[in-house]
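Visitor: I would like the entire structure built from these sequences, with the hints used as guidance.
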Amino acid sequence: MTDSNPRGVHAAPPKHETRHVVVVPNSINMVSLLGPGDEYLGIIEGALAAEIHVRGNRISLKGEPGEVALADRLLDELVTIIRTGQGVTSETVERVITMLRAETTERPADVLSLNILSNRGRSIRPKTLNQKRYVDSIDKHTITFGIGPAGTGKTYLAMAKAVQALQSKNVNRIILTRPAVEAGERLGYLPGTLSEKIDPYLRPLYDALHDMIDPETIPKLLAAGTIEVAPLAYMRGRTLNDAFIILDEAQNTSPEQMKMFLTRLGFNSKIVVTGDVTQVDLPNGTKSGLKVIEGILDGVEDIVFNRLTSHDVVRHRLVGKIVAAYDEFDARGGFTPHAAASHNQNHTPGSRP
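For the sequence shown, this note's numbering begins at 1 and goes up steadily by one.
A couple of the hints might just be wrong.
[To be verified] Subject to a maximum C-alpha distance of 27 Å in a straight line, what follows is the list of computed DSS-like cross-link-like pairs (lysine-lysine):
hint	residue 1	residue 2
1	Lys-259	Lys-291
2	Lys-140	Lys-127
3	Lys-321	Lys-127
4	Lys-259	Lys-220
If you're looking for bench data, these hints aren't it; they were derived computationally from the structure.
Guide: Take a look at the structure:
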């Protein structure tokens, strides 16, 4: 009986495995690619079913063909991003992996390197594939709807596009508006002057503006009417020409208010409507204009609807998980009487949940 594997002869890898070597260009700093202390390499190894060994600028890959090919593409995308001058972070690595797993035709490097706006050394870019598609839709259409949960960048990216349009002189002014009825409170019953009543509802829009425009410039732009931040009720009776108009928190409009707003559109203007249909604060019995609008306008030329999900949340990583958990809860029936009855049957008074 002969030895099937003589000493010194290495057996070929199993048929279900493949090997590949990536040679990183000498112009690329390996720490930029693999992270300080190989932090990014650790993320890659944890996400992919492939063995990775690094020697100098040579990265050896071994594993299932699909995973090795994915690792090869991932490294190529990261090198491309580094070449644009944009730094790679752990978040960048995770987002590139997610996009590659989605098997889309768009390159992650193109998505993550798209620079919408820069201010004080900080760049505003889409961070997910759906965000990139949303931004592209704003460029291509007159009216764009961005519908999705909190933290998906719906309003922030729309405002960045508005500031970009103003700076490029494609429009003469920016108009930011929100319904001023939220959490069951009406302005007439709140204490203070009209300005003091309105300000808390519009504060998130001012906060975003400060990220995009030099703070000392904002009061001048507001005083000149170049930027207007106002409650939705102030839009009635107006025709808005040469403007980039954003309606935020649109889930809190009635169908009548939504119609009123959309028909304010004037010549050479663009509208972006953002909202989260799971966070409606309207009084019971009042329909949300955002919930019914797609059924009314679907198929109308130059109007597009974009949906973002928990996968597009760009706040703390737990926010995405919280949104996904609520979506799953709603899919099981949510806060319905049936769900409540089931909960009560499973938990007796005084028992721990």
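Visitor: Next step is simple, just say for each hint if it's right about the structure.
Guide: Results for each hint:
no., hint, verdict
1, Lys-259 with Lys-291, "holds, 13 Å"
2, Lys-140 with Lys-127, "holds, 19 Å"
3, Lys-321 with Lys-127, "holds, 17 Å"
4, Lys-259 with Lys-220, "violated, 32 Å"
Violated hint: 4 only; the structure is consistent with all others.
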